[in-house]
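Visitor: Since the structure of chain A is already known, use the hints to place chains B and C on it.
Chains as they are written, first to last, in the working numbering: chain A, 20 to 346; chain B, 20 to 346; chain C, 20 to 346.
Be careful, since some hints might not be right.
Since the list gives no way to pick one copy over another, a pair counts as held whenever it fits inside one copy or between any two copies.
[What the hints assert, rightly or not] Computed list of lysine-lysine pairs in BS3-like fashion (alpha-carbon distance at most 27 Å, straight line):
{"id": "1", "residue 1": "Lys295", "residue 2": "Lys194"}
{"id": "2", "residue 1": "Lys160", "residue 2": "Lys299"}
{"id": "3", "residue 1": "Lys345", "residue 2": "Lys81"}
{"id": "4", "residue 1": "Lys283", "residue 2": "Lys270"}
{"id": "5", "residue 1": "Lys221", "residue 2": "Lys81"}
{"id": "6", "residue 1": "Lys43", "residue 2": "Lys295"}
{"id": "7", "residue 1": "Lys160", "residue 2": "Lys345"}
Source of the hints: derived by calculation from the structure; they are not laboratory data. Being a predicted model, the structure only gives us computed values, none of them experimental.
Spelled out, the chains give:
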Amino acid sequence: MVLEKSAQNIYLPFGDHQGTRFYKQDILSVNQFSQEDLIYIFGVAHEMREMVARVGTFDLLKGKILANLFYEPSTRTSSSFTAAMERLGGSLIPINEVKYSSVSKGESLPDTIRTLECYVDVIVLRHPEVGASALAAKYAKKPIINAGDGVGEHPTQALLDLYTIFEELGDPNGKTVTMLGDLKYGRTVHSLSRLLSLFDVKLNYVSPPILRMPSEIIAEINEKNIPQNETENFDEILPETDVLYVTRVQKERFEDQKDYESIKGSYVIDPDIMKKAKEKMIVMHPLPRVGEISMEFDDDPRAAYFRQMEYGLYVRMALLALVLGKA
Amino acid sequence: MVLEKSAQNIYLPFGDHQGTRFYKQDILSVNQFSQEDLIYIFGVAHEMREMVARVGTFDLLKGKILANLFYEPSTRTSSSFTAAMERLGGSLIPINEVKYSSVSKGESLPDTIRTLECYVDVIVLRHPEVGASALAAKYAKKPIINAGDGVGEHPTQALLDLYTIFEELGDPNGKTVTMLGDLKYGRTVHSLSRLLSLFDVKLNYVSPPILRMPSEIIAEINEKNIPQNETENFDEILPETDVLYVTRVQKERFEDQKDYESIKGSYVIDPDIMKKAKEKMIVMHPLPRVGEISMEFDDDPRAAYFRQMEYGLYVRMALLALVLGKA
Amino acid sequence: MVLEKSAQNIYLPFGDHQGTRFYKQDILSVNQFSQEDLIYIFGVAHEMREMVARVGTFDLLKGKILANLFYEPSTRTSSSFTAAMERLGGSLIPINEVKYSSVSKGESLPDTIRTLECYVDVIVLRHPEVGASALAAKYAKKPIINAGDGVGEHPTQALLDLYTIFEELGDPNGKTVTMLGDLKYGRTVHSLSRLLSLFDVKLNYVSPPILRMPSEIIAEINEKNIPQNETENFDEILPETDVLYVTRVQKERFEDQKDYESIKGSYVIDPDIMKKAKEKMIVMHPLPRVGEISMEFDDDPRAAYFRQMEYGLYVRMALLALVLGKA
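Chain A extracted, bound-state conformation (with noise of 0.2 Å):
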């Protein structure tokens, strides 16, 4: 895919004003970046790109290791860790069995972190409880990065949401990103939803009425003067979208699966509803899908979900070699 000019020069100011700003930290939180920081991360991540493209890997981390520690499933996020890690020469302890190990023999999240800080150079956490990686970044002197602590944060997938809309429409400044489906448990959307409250775009939630955006995500990011709109009336709002972020929506969270039935139809993202949307916009969603978007849709230039994916890769890549003090 060809760049974007536009993506070529956003990240230029802040080129290499802050060569030390994220080292040893920890990535924890949407609400640690400031717009200065993010596009000081897709700058480098940028830079990864363009160095993956053409070189495939290079050893700026070499010998470094990192410890994917995952305290439940995520097949894609810890793949794209080991991915990123690898494609910068550094190397990988895997631990997904955490149910098996030590851990089940009562040992505390501090230890565990404490232990293998030991062996490792950083450390990326995946935990089923809020706070988790707050609490292992108290303990721990290598840095930690959050890949999602139960129904907190996921501060990498909002990161790399947010790259794409860089990458691949440039700047958000006067976008309207609309997002579509489960707007009440998508920890995705409300991250996201931070995250462009940095800078002028205008919001629009489509979703079933149980599944609305949660007031006081509403009313954190009304505080910064960002126009948002609700409503049902899809076919309204998509001929002015730039970015339509589709998210899932779970048949559990439906008490009357009649409820879910009628739902799951009328937000089918397909070529046909497609035809009323700009030519130039993208289609988003963080995967994994299960029938929100057609797969007649996937070879249409604006279905974008893929090359997310993508751009999750550069984003971990900035973040890992930021933390270790190489970028």
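Guide: Frame of chain A; chains B and C shown alone:
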């Protein structure tokens, strides 16, 4: 082990005539290979063998990443591909617990493949369903190597089986190959028979009546004018056998356990029975074995089954190098 | 942490006298080591420590492959060996789910080992059965390192325990070592006692009556004229202790849970009780802990248990380098 003189020459005619023959191609089925292809692959495998003997590991695939995507466990096959990639200087993303991952959230194989290929350069796929690899290959831009799709194919096993014959005895033309055990369900003997039918061999099948070679395989091979001989009289054909390929007879195949017990005993390869065999011949087994070959025979030079495992390493190194254009 | 001056010199006499001492050898039991061997291994481990401090990782074992064959899970031990191999520039084949693999099809340990060694250069084996490592070593051509065989041995743990004493306090001669907790089932205290009996030490054993050091271990150590003292009076011997080795007392060992509760409280190491101990001494624990040492003590310089984990890395690096002839 000293290499057969013959083994060093038999691959020569195809030395470097087809430098890009398998570049970016999928390895899905034994049916995709001509005799020329096989000799070309084995020539590359033989070079890999020599390089490993000389230097252990080398950086031919440095910077390349292989995803080992195993929907069902197979330590032997995944370890072999892991070692192959590592001896070529490449890296791995092992995905063994697909049952816990996004797939269990209902993701389709094409979506999983298209996500993974954002991170890696080649995908090795093991899947319980026939045709899974072909489906994956249809959607993937990166090469797919079939590491077993249910009762379908396991082409790299068949290739390593045939390569073992080449390395141990030279060109298979004129050789007598006897297959012993479960010839009905054993996917390895079906695939090996197909590959052997490209050469001028004689095939003997020795099995319990309920585990005979399927008639469609016999018909297929018959079309190539390969002499085939079905018998229960193992003693009669052992003396003429150049390659004895033994497979495991699984208890579960028998309705009446007494039938299993009576058969089990009659097919055990041990030093005593092997007195009737040629001095220069080999005994192969895809492993694991559970009694079909007695451990007392392991030190006999004709016991080739552990060397066979080692040849698997070289064949897989060759395939990885070929599909990545680095052979 | 600054190295003890003494620690830098104590290994000198064996600097490079035994360059091939452990080349191609198995590491199966603490009983295989002489005092000279131990000091030689620790000298190499100390060099590893200095190299890691200086450069993090280096290519001593580049191109070598280690199989981590774990028949039962042990995140701590497998992570430590993984890090050791990666810091030496080598590669790994992790095999953690033996229960799902060919072994569950009835394959014998010798066959699994002989298959694996076709791919790798050294095998680290964890197995629930006593003697499994010795059996593996009998059949393997490549070196086997015992990473725990049931209630049998776990020699690398004992080595790292003793190496911790060397690095923290120098030569153990003249030191008083107090072992506290479950001395009956704790394989680590048995092995460490055996290793310590090669030096001029005094051993104290403090445990609940039903968890006393086994009489055969006491008899064995007695033969070497090592003073041993069994007591329940911890307060009395704490002040003279140079090394306090704490182990976990497992609830499951007690028939009457009231006995467990009463004992549990009486053996907790915290800042208050440690006021009675020397200023220059160390507290060790094989980890995981579940309350035997209070987290309030963690910041005390005498709390050596996390450093102990780190020393494990250097000892395992030394062993890998030694058995592969690269020390």
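Visitor: Now, for every hint given, state plainly whether the structure supports it.
Guide: Now for the hints, and whether the structure bears them out:
Taking CA atoms no more than 27 Å apart as the test, Lys295 paired with Lys194 passes inside one copy only; the shortest distance there is 17 Å, against 68 Å between copies. In this homomeric assembly, Lys160 and Lys299 come within 27 Å of each other (Cα to Cα) only across copies, at 25 Å, whereas the closest approach inside a single copy is 46 Å. With identical chains, the CA atoms of Lys345 and Lys81 are at most 27 Å apart both within one copy (11 Å) and between copies (21 Å). When the C-alpha separation of Lys283 and Lys270 is checked against a cutoff of 27 Å, the pair qualifies only within one copy, where the shortest distance is 9 Å, while the shortest distance between copies is 47 Å.
Proximity of Lys221 to Lys81 under the C-alpha cut-off of 27 Å is found in neither arrangement, the shortest distances being 42 Å within a copy and 45 Å between copies. When the C-alpha separation of Lys43 and Lys295 is checked against a cutoff of 27 Å, the pair qualifies neither within a copy, at 47 Å, nor between copies, at 38 Å. Taking the shortest Cα distances, Lys160 and Lys345 sit within 27 Å of each other inside one copy (18 Å), while across copies they are farther apart (32 Å).
Against the hints set out earlier in the document, violations occur for numbers 5, 6.
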